[in-house]
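Enquirer: Read off the chains here:
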Amino acid sequence: MGKINAKLISGRTLDQGATLENKMSTEFVEATAICEMNQKNLDALGVSEGDNVEVKTDFGTAVVKAKVNEGNPDHIVFVPMGPYANAVTGPECGGVGMPIYKGINADVLPTDNPVLDVKKLFGVI
Amino acid sequence: MSAENTTVTDVVCPFCGSLCDDLEVEVEGNKIVKVKKACKLGKSKIMGHQRIETPMIREDGEFKEVTYDEAIDKAAQILADSKRTLSYGWASTSCEAIEKGIHLSEVVGGVIDSTASVCHGPTVLAVQGVGSPGCTLGEVKNRADLVIFWGSNPVHAHPRHQARYSYNAKGFFSDGKEDRTLMVFDVRKTKTADKADEFVQVEPGSDYKIFSAMRTILSGNEDVVPDEVGGVSKEKLIEIIEMMKKAKFGVIFGGLGITQSRCRYKNLENVISFVDEMNEHAKFTLIAMRGHYNIGGFGQVCAWETGYPFAVDFSRGYAWYNPGEATAVDVLNRKECDVVLAVAADPVSNFPRASVEYMREVPVIQVDPYPNPTTEFADVVIPAAVAGVEAEGTAYRMDSISIRMRKIIDTKFLSDEEIFEKILNKVIERKEGA
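From first to last, the protein sequence lines are chains A and B.
For the first sequence, this note's numbering gives the first residue as 1, with consecutive numbering after it.
For the second sequence, this note's numbering gives the first residue as 1, with consecutive numbering after it.
No wet-lab data here; the hints were simulated from the structure.
All figures in this text were calculated on a predicted structure; none of them were measured in a lab.
Each hint should be verified, as a subset may be incorrect.
[As the list claims (entries may be wrong)] Where chain B lies over chain A, by a calculated footprint (3+ residues, C-beta under 8 Å):
id	stretch
1	11-17
2	22-30
3	46-58
4	65-77
5	81-94
Using N, Cα and C, we set each Cβ at its ideal position, and we do this for glycine too.
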């Protein structure tokens, strides 16, 4: 069981976009509570696709499911835009209103903790 | 509408900034049963999702169902008493509703900001700084022989863009992809990059220096460019510049890869300057890949109403523009507003978590068709008709072309325009009565 240090990128995916106005659904959680990385990085973590991983930055942590995407170079991981990516995004806006949503230093490590649904993520239940 | 089956044609898709206007929607009675020609994003939206079924007011921590009039009265009371309302969102509604929302912010002396501030706001800032070498998507379709996606992934974010307007589109002077070269610059090999004639993988956060290197090469000073810039070899950069110079009509579609990463609006200033300089060699343009279908419309309406495209503060009694101060995330970071009005957007999901926490401390009014995490933070919830499906209105495509959206079916919900007309009138009554 390992840990990788990575640059975290967030962005639109088809599945995220198709559920972004249906955020209280399980489909939205399945579409956005994922972390894409290449197989080599997955192997370095000692996890398989679908296993839970923790994404940890200076700003917070999020538990999501590992997913293979061979388009990702080594140590670049992708979480679809939304509340899971934003749980680990910093609030600093560079004087222009824009947080850095892409290129965040992150550690990714295996975890047995569960993926929270949207309500639990925000602690409203 | 009649109970007969009908097909509504030329439907405008209210999802992304491509604003495709050729959809066909089959309606049985007053129910949408099929959507043709739309992508997965548009089809999903038009077919419909879970809705906020009734206006609600939170009492003792629990939502109580109320009438529209009661919810609107409550919202008006909160807004009229507010000293600094943050009104945020406005990307997924009509220009007519946006106009009412801007007027409301002026009346309450608050701040109004759109989702642009966390999307293409940096592009807007750069356009104000160094200009806008743009064109319409029609010109791209008819003339572009070099299509460049930089930090954008239309296969996922604007799925019909390439077929309707850019790489695959057939135009007057182009038979489609046979006549076009596709270049993609990205930090990872996306589905769009898979189709590219030339994919250039860049290191995260290095776009600014790559644009600088390209400008240096273009100006004939390649001798001062290092052997490698942002993960791209100097040799490759020279090759790319030569390809670009040979184009007749090149277009760069800029995405969030360059607005949401290091250097933010400076990336855009640099690439716009590059595009400007490329025009000595070829017709070259830049278009922002706007995400929400009418985020361009907010910029248009806000600019003609206030003089500024987003991040407008009315607390001085006149429109004051200062991104970094009047942008939504900054207002929340400074814990400055005393009310949050979230309209056709979900700030709780879309802002950094630390910025969102302050929304637990102030009244939140949500106007939206759909329940989302912002609903969980809200004190007053007002459901709205889905613009472009249940209400007509005007929207602006990513190339600033205005298109009239159609109403496809009837609804029990008020439109955003109707809701804000009512709230505005109530707030004015309260202010005048005070």
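Enquirer: Could you run down the list of hints and mark each one as holding or not?
Expert: Hints versus structure:
no.: 1; hint: 11-17; result: holds (count 5)
no.: 2; hint: 22-30; result: holds (count 4)
no.: 3; hint: 46-58; result: violated (count 0)
no.: 4; hint: 65-77; result: holds (count 6)
no.: 5; hint: 81-94; result: holds (count 11)
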